[in-house]
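Participant: Using the sequences and the hints given, assemble the complete structure.
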Amino acid sequence: MPNRWIQLCTDGEIKVDSGYAAAGGILRHGNGVWIMGFNRYLDACLIFDTELWGILDGLTLIQDSSFADVIIQMDSLEVVKAIQDTSSMALNSALIRQIHHLLAKVGPWAIQLIPKEFNKSADCIAKLALDTRQSLKVFKEILRDVLVISPVVAVSGNLAQKNFDVI
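With UniProt numbering applied, the sequence shown corresponds to residues 1 to 167, in that order.
Keep in mind that a hint or two might mislead.
[Unchecked claim] No farther apart than 20 Å at their CA atoms in a straight line, the calculated lysine to any residue pairs in the SDA-like style are these:
1) 15 to 67
2) 15 to 105
3) 116 to 4
4) 137 to 14
5) 127 to 34
6) 120 to 138
7) 127 to 47
8) 105 to 127
9) 137 to 67
10) 137 to 34
11) 120 to 139
12) 81 to 116
Treat the hints as calculated values from the structure; they're not laboratory data.
Facilitator: Have a look at this one:
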């Protein structure tokens, strides 16, 4: 992946016993170096919408930071297909329309389905919002919880070196 591309890795999380949801993610440079992490508590929400909130928040941060050329990486095939299929019924979703609006502004973009095991850092950040119950929170420094799961994030972002098919 070219260094000019920004990686947006996102995930959604639902607490089974309560139904409460959260979304989170990580922004990295194309070489894998950490830019920022983020999460948001969503209260009760469908998992599909939770995943979309992660993308929407990430794209908003990308636009606010004046970054361009984004590759979205996530482990939800349903959401990847919904974002790609501009003629689908999923466009009835206000979240998907907002995502497409932001994608039109950030320049070239792609979306990749990645294995769940390569999305643990985004999953970890999303889960943290279930405990804090805060609206959008941005992390400029790498969180200790993320380093425990994926120490490579701090150095080079091993995920940037993996070759996944762009769907």
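Participant: Hint by hint, note whether the structure agrees.
Facilitator: We went through each hint and held it up to the structure:
Our distance criterion of 20 Å between C-alpha atoms is broken by residue 15 and residue 67, whose separation comes to about 32 Å. In summary, the hint linking residue 15 to residue 105 is not supported, as the alpha carbons are separated by about 33 Å, beyond the 20 Å threshold. Proximity of residue 116 to residue 4 is assessed by CA-CA distance (about 25 Å); at most 20 Å being required, the pair is judged violated. Distance hint between residue 137 and residue 14 is fulfilled; the C-alpha atoms sit about 18 Å from each other, no more than 20 Å.
Between residue 127 and residue 34 the CA atoms are separated by roughly 19 Å; this keeps the pair inside 20 Å, and the hint holds. Among the hinted pairs, residue 120 with residue 138 is consistent with the structure: their alpha-carbon atoms are about 18 Å apart, no more than 20 Å. For the hint linking residue 127 to residue 47, the alpha-carbon distance of about 13 Å falls within 20 Å, and the restraint holds. At roughly 29 Å between alpha-carbon atoms, residue 105 and residue 127 are farther apart than 20 Å, so this suggested pair is violated.
For a cut-off of 20 Å, the pair hint linking residue 137 to residue 67 stands: about 19 Å separates their Cα positions. Between residue 137 and residue 34 the CA atoms are separated by roughly 16 Å; this keeps the pair inside 20 Å, and the hint holds. For the hint linking residue 120 to residue 139, the alpha-carbon distance of about 16 Å falls within 20 Å, and the restraint holds. Restraint check for residue 81 and residue 116: the C-alpha separation of about 16 Å stays at or below 20 Å, so the hint holds.
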